[in-house]
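Residues per chain, in single letters:
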Amino acid sequence: MRMMGLAWRYRWRCVVVLTLQIFILMMQIGGLSLTGLGIDFFRHHVDSGAPQPRWWFGFEPPVAWNPMSLVILIAVGILLLAVTRSLLNYLSLVSTSDLIQRRLVVELRQLAYEKLQRLSFHFFDANESGSIINRLTRDVVQTSNFLSNVLLGLINVFITMTVYLIYMLNIHVTLTLAVMAIFPVLMVVTVVFMRLVRRDLRIFHKLNDTMILTLSENVQGIHVVKGFARQQQQINKFARNNKAVKDRQRRIFFWMNLFNPISGFMTQVSMIIVLAFGGYLVVLHDTDPAHSMGITLGAGLFVFVGLASQFASQIQDLAAIGGRAQEHLESADRVFEIIDMPLDINSPSQAVPLHKSRGAITFEAVSFGYKTGECVLHDINFDVEPGQFLVLVGATGCGKSTLLSLIPRFYDPNLGKVAVDGIDVRCLDLDHLRRNVGLVFQESFLFSNTIASNIAFGYPQATQHQIEQAAKTACAHDFIVELPHGYDTIIGERGVDLSGGQRQRLAIARAMLLEPAILILDDPTAAIDPDTEQEILTAMNNAMKGRTTLLVSHRVSTCRRADCILVLDKGKIVQQGTHDQLIDAKGYYRSVALLQQADKETKRLLDQPDRLMT
Amino acid sequence: MSTVQANSPLTHVDPAKDREQQTRPLSLKLITRLIGYMKPYARYRNILIALVLMRSMLLPTLGLITAAILNGPITSIAGQAHDGMALNYTPLWLGISGFALLCIVTQVSLHFRLRIAKDLGEWVVHDLRNELFRHLQRMPMSFYDRTKLGTILSRATGDIEAVRGGIEDLLFRTLLGTGQVVVASVMMLWVDWRLFVALLAMAPVLLSIRLYFRNRMGIAHRNTRESFSRVTANLAESVSGIRETQGFVRQRHNTSIFGDLVSEHATYHMSVAKLSGLFGQLREVTNQCFTAILFLVGGYMLLQGMIDLDVLIFFLFLSGIFFTAIMILGSLYSDSIGVMAGAERIFNLLDTPPQWADPPDAIQLTEVRGQVQFRNLSFGYEAQRPVLHDITFDVQQGQTIALVGHTGCGKSSIINLITKFYLPTNGQLLIDGHDIHNIDGDSLHRHMGIVLQQNFLFTGTVMDNIRFAKPNAGDRQVIEAARKLGCLNIIENLPNGFATPVGERGSNLSLGQRQLVCFTRAMLADPGILILDEATSSVDSMTEVRIQHALEVLLQGRTSFVVAHRLSTIRDADLVLVLNQGRIVERGTHNQLLAIDGTYSNLYRQFISSNER
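Chains as they are written, first to last, in the numbering used here: chain S, 55 to 668; chain Z, 83 to 695.
Be aware that a few hints might be false.
Distance ranges between label pairs, derived from CB positions [to be verified]: (1) S:Asn290 <-> Z:Ile445: 44 to 52 Å; (2) Z:His488 <-> S:Asn595: 49 to 57 Å; (3) S:Thr592 <-> Z:Glu346: 56 to 64 Å; (4) S:Arg294 <-> Z:Glu346: 42 to 50 Å; (5) Z:Ser413 <-> S:Ala235: 23 to 31 Å; (6) S:Asn595 <-> Z:His217: 35 to 43 Å.
Quick look at which bits of chain Z chain S covers, simulated, 3 or more residues with Cβ under 8 Å [to be verified]: (7) 376 to 388; (8) 553 to 566.
Think of the hints as simulated: they come from the structure by calculation, not from any bench.
As the structure is a prediction and not an experimental result, all values here were calculated from the model.
Beta carbons are placed, not taken as given, at the ideal position from N, Cα and C, and that holds for glycine.
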């Protein structure tokens with residue numbers, strides 16, 4: 055239905071394309087008849103006993119005309135028709151692809167992309183990136199082609215078939231019916247085959263994807279494969295995948311190659327009918343030109359043979375369109391799923407603006423689960439005053455990152471509320487809210503772009519000075535200027551592989567450029583080589599100055615400076631307080647802290663004993 | 083001074099840099115090698131060649147018969163009628179039966195010709211893919227350092243498909259096309275040589291049109307491809323960086339960038355559509371021209387009494403077949419250069435010998451006790467740039483060795499040598515007294531457990547991934563391994579426990595959870611030598627508390643090499659090796675090294691101060 059709506063918007067272009075098609079059709083039939091006429095003419099000329107050619111529009115060439123000039127007339131006629139037809143064909147092709155490629159595809163891609171940018175993370179959690187990319191590339195093209203291949207294609211085939219049919223009936227009714235007899239059978243056979251093969255094709259695509267996945271994972275995980283000496287198993291696995299693909303492919307080939315000759319043969323059967331029955335009719339006409347059943351050799355039989363074979367190919371087109379329609383529609387579903395998806399996280403209509411937040415954060419009885427029934431966070435309550443420094447501690451998977459992602463509204467809580475500056479985040483203008491929150495993730499994503507563009511990601515209008523300022527705060531300026539092209543170095547290009555620590559400092563600079571009131575650091579040192587951790591810690595310290603900071607960390611040294619530490623376990627806050635308070639209480643925090651301290655013997659050897667603890 | 087980034091694109095892609103040669107002139111060597119792959123299926127290949135040759139005669143014959151029926155029996159019966167003779171329909175029925183018979187033969191042979199050709203292509207492709215995969219498994223680690231995943235994948239997809247096309251289509255199309263041209267020519271020559279010569283004069287026109295368009299289409303196609311790769315690269319990063327985009331409120335900006343890219347791509351696409359439309363129509367027009375010219379010349383000759391009508395009808399049918407075949411042959415070259423390029427890339431990969439391989443008489447280790455000796459060993463990834471100099475140390479069975487030093491000091495290189503991922507350049511490395519050169523790599527790996535910082539999980543369940551270390555282990559063994567490590571409850575708490583699927587690069591699990599699965603995987607292998615390369619770096623302290631005891635279990639009784647920054651592991655090591663710029667600068671136990679107050683003490687002090695400032 056959505057497709058019809060799309061087609062309706064472009065209805066005039068569709069009409070143009072269809073009109074062109076009708077003209078093309080007329081030219082085609084004209085060319086064929088002229089050739090037939092020529093044959094009749096020659097035949098009459100050579101064998102005066104043969105019937106007179108029937109000229110068009112009651113035109114009778116004056117007897118005085120040189121036969122050769124008539125030949126030239128016919129030849130030029132054929133040529134003219136052909137040239138016009140090609141011209142029209144070209145126009146039709148270009149206007150179709152203009153409609154599809156330049157309008158529909160572009161429009162659908164932009165719509166889908168714009169939506170994609172705003173969808174909540176539930177969508178990205180549920181769909182692999184490859185599938186999302188496919189929707190915006192292959193599926194969009196398929197969807198647009200629905201208009202040209204299926205809708206326009208169907209109308210076109212019907213018009214063509216009707217015209218052929220009328221023309222054939224006009225030549226000879228019985229002959230037409232005799233020839234037509236085979237086509238319903240051809241139609242049924244084609245449809246059955248398409249069905250058969252489509253199922254196999256779908257399985258084949260799945261098998262093929264599995265095989266490629268095996269290969270790509272093998273390469274990505276080659277350390278593991280070699281490290282556990284699993285090459286042979288991998289070879290066997292790949293060979294199994296490969297064989298499954300081959301067997302399925304051969305099955306498809308078998309059916310297809312059964313189908314092609316059968317449908318070809320059926321077309322030929324109709325040709326046999328034409329030749330036998332039509333031949334008989336020509337003889338009739340020859341013996342008695344007045345016989346009502348007779349047809350001429352050229353304008354009758356020759357043209358008929360041409361028309362019948364064209365007709366057969368139209369039937370096959372029709373079946374192919376039917377087969378493709380399903381695919382197109384499935385693609386359209388995937389595209390429109392994105393375009394029509396409701397935005398579950400959006401600015402409310404009467405959004406409260408938040409130009410410069412103070413940086414106060416409140417969690418009130420917040421519970422959250424990614425799926426209904428699941429509970430990742432349970433009854434979370436806490437307050438952070440402007441400028442305060444809060445550290446979240448807890449085991450893997452306890453809900454720390456989830457908790458942080460509620461503040462910029464990457465998700466909305468199921469129960470309770472999250473408030474910034476005392477206002478429920480769901481009432482705030484979403485863009486304003488997010489501009490006030492600076493984010494640094496565990497593994498920050500940098501775009502394959504220049505360093506400067508990456509830092510200016512959140513504020514593309516930033517001046518070079520502002521960018522450098524942000525880089526300096528994040529302790530990144532020094533290493534940036536040593537890169538081959540300084541700030542204009544493109545990340546990820548040959549030879550410019552930044553270390554984990556450098557990437558994280560760029561991520562901090564990116565957050566700094568926005569001068570956010572709230573800074574969220576989701577374990578930025580987790581994936582970092584410990585040697586370079588120190589540099590990030592300094593960058594973090596600079597960044598935190600004057601901002602409300604929420605940090606996930608395991609470092610006791612960092613926790614020590616926090617205004618408040620929240621210890622999470624299985625989605626609940628189990629301990630809360632400052633380092634000094636928690637170190638005395640028995641619990642997780644204490645055991646972690648002890649693990650990170652040097653033991654007495656070490657301290658003695660390092661010869662700088664209690665100074666460390668103060 | 084102030085540059086504005088506002089108009090900067092989201093991603094920079096330079097497809098020209100990754101541009102691979104798309105064409106390769108015909109090469110006899112490549113062709114023979116490709117044909118060689120059909121050898122195991124020689125019977126089918128020969129049947130196919132016979133079929134193709136037969137069909138190249140069938141099609142013109144079919145045209146001939148159609149023309150003959152139209153002209154011969156039908157007109158002659160009519161002629162009989164004029165002459166008042168009794169009508170004799172027999173020739174007509176005979177002709178039509180012959181036609182029907184020939185049709186059946188044509189279609190049956192078409193079925194087998196297509197099927198065998200496709201099967202042959204599929205077999206060859208199947209064998210090539212297996213060969214490719216087996217070859218990849220033999221390549222040493224250094225190959226994977228140099229080669230991008232995308233390159234390998236395109237060998238196994240696009241290039242293989244090109245070869246398939248070459249085998250099942252091009253090769254036999256060449257035979258068929260040539261056969262048809264020859265047969266049709268002979269037939270036409272036989273019927274009337276003058277008309278045929280006139281026809282032949284037109285062939286160069288067709289070919290030159292094709293040549294002209296080939297170049298222009300090539301460029302247009304490349305532009306389209308490259309603009310498309312900009313679209314997809316932008317899209318891919320938009321999806322990967324969606325947190326950043328939403329977090330930094332970049333939606334509108336990104337959308338306009340994307341819009342520009344998509345429009346640009348559409349424009350290139352249009353130019354391809356226009357060119358190919360023009361080409362197709364031009365071809366059509368020239369075909370019609372031929373019919374017209376044939377009509378003119380034939381008509382003239384007919385009127386002059388030089389030929390009969392049947393000759394003209396006959397030529398009208400056969401010239402269609404002749405020119406179709408000529409066009410097929412004309413497009414062969416341009417189609418085949420793509421196939422050649424694909425085949426060459428595949429063969430280049432297959433012909434890259436592994437830099438080294440285990441000697442044929444390599445020692446199969448049935449167990450590894452874990453005695454490791456480095457003797458004056460040096461090593462470099464590239465011959466000119468050694469990263470390890472003169473390394474000598476001895477490890478007894480069951481000892482734990484900690485490797486300490488700054489990034490790039492050579493810690494990971496030592497690990498890469500013990501695992502035989504690389505071979506030493508100079509000096510000796512002995513495992514259980516055998517030189518590593520003479521040890522069968524696989525047998526060594528079967529007794530080794532390796533956990534790296536960025537560990538890789540395969541698509542499948544958690545259970546599958548753990549079992550990777552020991553494919554014949556039962557569920558109970560896997561669960562037991564997890565229990566020993568103390569992470570049984572963590573795994574069981576995953577959404578589906580051991581059956582939790584691990585998605586795209588393990589994205590359903592957190593970093594720490596992923597690492598625990600890798601630990602369990604190593605535990606299940608029950609190795610004689612254990613390697614932990616920064617293995618605990620991404621496990622948070624909370625989780626580390628839980629597995630601390632388990633790590634001790636894991637290390638116990640095994641020779642272990644640990645690259646770690648966590649104090650606990652280093653403190654209990656039997657030997658700490660401190661590396662600096664590829665040399666061992668200090669060695670001893672934790673306490674001994676602290677006592678000499680050198681590099682180690684400094685490193686340690688730095689660590690503590692960052693923790694306890």
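Hints, verified against the model:
1. S:Asn290 <-> Z:Ile445: 44 to 52 Å: violated (25 Å)
2. Z:His488 <-> S:Asn595: 49 to 57 Å: violated (22 Å)
3. S:Thr592 <-> Z:Glu346: 56 to 64 Å: violated (43 Å)
4. S:Arg294 <-> Z:Glu346: 42 to 50 Å: holds (43 Å)
5. Z:Ser413 <-> S:Ala235: 23 to 31 Å: Violated, at about 38 Å.
6. S:Asn595 <-> Z:His217: 35 to 43 Å: This hint is violated: roughly 52 Å between Cβ atoms.
7. 376 to 388: holds (count 6)
8. 553 to 566: Since 1 is below three, the answer is violated.
When held up to the earlier numbered hints, the structure conflicts with 1, 2, 3, 5, 6 and 8 and fits the remainder.
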